[in-house]
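Using the sequences provided together with the hints, build the complete structure.
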Amino acid sequence: MLTNAQRRLLFIFLAVCFIGSAALSEVLRPGHQEYLRAARPEADAGVREKEAEKSVLAKTSFQALIPTLLGVREVLASLMWVRADDYFHRGEYRPILKMVRQITAIDPHQLDVYATGAWHMAYNFMDKRLIEDGIQFLEEGCRNNDSVYDLYFELGYMHYDKTKDYRQAVNAYRESSTRGTSLPGHKFAPAYVRHQLAHAVEKMGDIDAALEQWRTNLKLAKDTEDLGLKPGQAAGPNTMAARHNLYITERRMNERLAASAERAKDAAEAHRLWQKNLTLADEWLKEFPGHPDVSKDRQVAANQVSRLSAGKLVPLDQTDPKIRFTITRIAPRKLQVEGSIDVLNLARIWVQFQDKDYLTRKARGFDFKMNECTLEWENVQIRQGKFKHVIDLDRDPADMGRQPSEIYPLKADEFEVVFTFNPRLQAAFIQDRYGWNGEGLTAAPELLKVDASRGARMEGKEYPLRYVEKVVVLKRDDILGKEKKVLYKSE
Amino acid sequence: MAVAIRAEGLTKRFFQRGEVVAVDHLDLEVETGEIFGFLGPNGAGKTTTIKMLLGLIFPDGGKAEVLGYPAGAQEMRRLVSYLPENPYFYDHLTGGELLDFYGRLFGIPAKDRAKRVDSLLDLVGLRNDKAKQLKQYSKGMMQRVGIAQALINDPKLLIFDEPTSGLDPVAHIEIRNLIESLRDQGKTVFLSSHQLSDVELVCDRICILNYGKLVKAGRVDELVAEGRTEITATGVPAEVTGRLTELTGAVKSDNEKIVVTCSDENLVNDILDVIRGARGRVISVVPLKRSLEEIFVETVGLAGPHRRIGTMNTLTRD
Amino acid sequence: MNTWVIARNTFGDSLRKRVLLIFLLLAFVMLTLALLLNYFTAREQSTIFKSTQLTIILIFGALISITTAVYLIPTEMERRTIYSVLAKPVQRWEFFLGKFLGGAMTVAFMVGLMSVALILVLFVLAAKPQTSAIETTAAAFKMNEWLARCQHEFLLVLRAIIVLYFQLFIITAIATTLSLFLAPTVNFAVTALIWIVGSFQSFLGLSEGILTRPLYYALPHFHDFNIMGSIVHPFAGFQVNHWAYAAGVSLYAVAYALVIVLAGAAVFDRREV
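Line order of the protein sequences matches chains C, E and W. One point on numbering: in this note's numbering, the residue at position 107 of the first sequence is 107, and numbering is uninterrupted. Here this note's numbering = 1-based position in the second sequence + 491. Here this note's numbering = 1-based position in the third sequence + 809.
Hint data in this document are derived by calculation from the structure and do not stem from the laboratory. The reader is advised that the hints may include incorrect statements.
[What the hints assert, rightly or not] With a cut-off of at most 30 Å between alpha-carbon atoms, the simulated DSSO-like pairs for lysine-lysine come out as follows: (1) Lys826/W <-> Lys630/E; (2) Lys623/E <-> Lys602/E; (3) Lys484/C <-> Lys128/C; (4) Lys626/E <-> Lys826/W; (5) Lys780/E <-> Lys707/E; (6) Lys219/C <-> Lys322/C; (7) Lys222/C <-> Lys937/W; (8) Lys187/C <-> Lys951/W; (9) Lys951/W <-> Lys621/E; (10) Lys356/C <-> Lys482/C; (11) Lys937/W <-> Lys623/E; (12) Lys219/C <-> Lys951/W; (13) Lys222/C <-> Lys334/C; (14) Lys826/W <-> Lys222/C; (15) Lys937/W <-> Lys187/C; (16) Lys265/C <-> Lys388/C.
[What the hints assert, rightly or not] Listed below are several chain E residues computed to face chain W (Cβ distance under 10 Å; list not exhaustive): (17) Lys542; (18) Gly546; (19) Leu570; (20) Leu574; (21) Pro575; (22) Tyr581; (23) Asp582; (24) His583; (25) Tyr593; (26) Gln640; (27) Asn644; (28) Lys647; (29) Ile650; (30) Tyr702; (31) Val706.
We treat Cβ as the ideally placed atom computed from N, Cα and C, and that holds for glycine.
Right, here's the structure in full:
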């Protein structure tokens, strides 16, 4: 037994420990709050609320539960993700939408949930209206995980592949290329991010910038190799890929400019550009003798140089694709689009069906969009100058058992069917025929569109984009009517 | 002679459905070098007293000193050892490990500890079971290892609570001999036991506790000898028998033989004189001894409705 | 010294408790179950695995802590082993502290075993090619990359386990001291309740009110031990010196546990056995 004096000492020591523990917990408080803060971005300035409101899932009572989940949020999020993945593998996509939103609300650092969730929205639901939600979801993920490249890269890819909005793709890829990875010790994004950036810059039309980006990529790849750094630790030795892409971009630019010069009957300029390609190929072959692709390129360039040297100019005329078509209601909610267009085989025509004022209507909110707005498109292939496509608004495109009216509400009074022939979205040999910027296209003034914002920049000069577009407006009754009926026929 | 244990007015109360006085103003003195028997029926307060002496529980009144230290003092526990009733030790340990563990608690250096553990195991006959886990020990082996642990610190005073319970007769004798040899080494043994025959054989002094009160105490030989003398004779005339009856009041006659029981030593010669004077023939003069058991039963009474058997069990786990 | 002797003995005794082994076995089963998540990408797998497994270790660790601690003293009383020990020159506080330390050592050992299993599995996972969702071309296995990842994972898990263990250290202290007043089953429930309340108490707002502030400091701050985000998402850019925080929170645990255990020792010092 302790004496009373010893007990007094014990209690004093006990009090000191208690005060010490209280003081320590105060010292720890900022750190704890930082761990807490970073895990609760939804509390930050209401940004997330605003985003969530107009996105796939409006704020639910579920989110009110989140603060109580401290300590289990990561594991709960992980387990929910395993469950969501389970739904996916069983082909049940619908619960996933809500779940990914809940998961990222609980734990906003689940990169793969953002990436895969956005992919589900933009791809698997096959509901074109949700693509922008997938993009918003990724944008939220980027904000919550600003230090890593991953989600910016996914965002870039979605713009690049799904919406073909190359300007946005470039922005996202550029952000991505300046971030590190989520893996230990990786300070730089992998090389493919910068390669993808260069491709997007090229698709956007700024060839000068694309060339510059390839040069940067090449230099970084070389530096990395010189440093003997291991792949994954830095950019990766993609020297060869960067070099080859730089060559192709430069060659393609010269080809495009030469086609344009020849169309303008400027033989000297065309000669100069083909000569440039010849030199380019020679330089490449000096370093890599006998490279098959480049040898072929060299032959093409040499032929063109000798043709032009001989004064044989073959200026192509501008082509009017003379787009003509019929829109027939073959059943309620089923529109058959059939027509002809005078372009090369395997070209594609973009057929888009939407509310007449889709952009203003869908801006009224997520619920309104899902209940009232309609959007569908298809990039239809042209064979022997003809195309045929059924805009089927009477089915679930993903066979998920949804009512057609859930995907295609058809609530607007008027709808428009938009037919677009855009040379940029065509294969290379088709681009050459009509000009990469559509220089070789002509059409009636009401059909020929000129868009400087999507134009090109090559050797310091700006070129607007020319494309052909025809819009047909239909009434709702036209689409919902029962018997077969021709709704529109070109003059 | 120095005093090993001294208790004055030691009192302990428990509260469970009313107050129970487990030990009631107990005065006790155990001298150094003796074997002291501490007797009493179940629930008399024996284990409670022992726990107070060891400082496991604290008295509500009175005070106790052990080897000159206040009961329970750290210094006192260094010199005392305790064998609880029905001892139960950490059964994940082997016999050797258990003794080593207790040796450490006394701060015995490793080298001495190893030697001491072996010699103690020898002493209690567990040498061959040193590496066996205690959970494989029989009750008797457990008791032996308990005795061994009580000796690990070479104590001056040993407090044994029922050391022979559960042992076979041979082991009984061994333990008895051991306790006697401990006294021969100058140690004091405080022995709480039901085994009255053991107590009678080894104890120098005893006390009997009932209802927490000391009801009898004294030297064993004095207690048991506090008896009578039985004189058997023949050929005593009947009128003489009448005189003897007047003297002692306890004369039995059986044909020619008479048996006179006398509880006053001073009368023995007078009786003999009377018999001889009447030409009677004295066959035997036998001083009668009582067994401790008789004394015990006489003191605490037979089990009856008034006895509180087991009252204390739930409270003190004895 | 005696404290250490008793602690070691308690440790040896506790390790033979069958219920603890069952907990450990269950934990191991759940640890290996995670390997079934093989169809996820390496990063997903690592995220899911680390978060679930650390939670499993925390929960089973808490179960082991409480189960061990609630019986430390009562079993001694029940088996009456305490008498022969306290009759020796052992101070009551030494005994109490020794029992607590023995319990804490048991928990450390169990958590250590589970952590080794966790780390081994993480090393296996780290050998999987690290690819993003889009770039799926499998990279070749590279030894030094794998070793670097293993080192990274090891340091993360080490930090997580240290912080996790000190949380259990407090739980053990609470259950040990409460065992002086409460029966084991009641103690189990009460300690578990304190654990849960302490984990969520930053949301109870106790630190806000002047009246509730003492209660805020009196309750253990288990919420401070939640560093899971920085373990599962090491890239997430928390502006915290992780190791300093881990050290601070461990120190807090020691100070707080000392308060609890010494209070228990003070009570036990005057307690009849």
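May I ask which of the numbered hints given earlier this structure violates, with the numbers listed in increasing order?
-> Violated hints (numbers, rising): 6, 9, 11, 13, 14, 16, 28, 30 and 31; every other hint is consistent with the structure.
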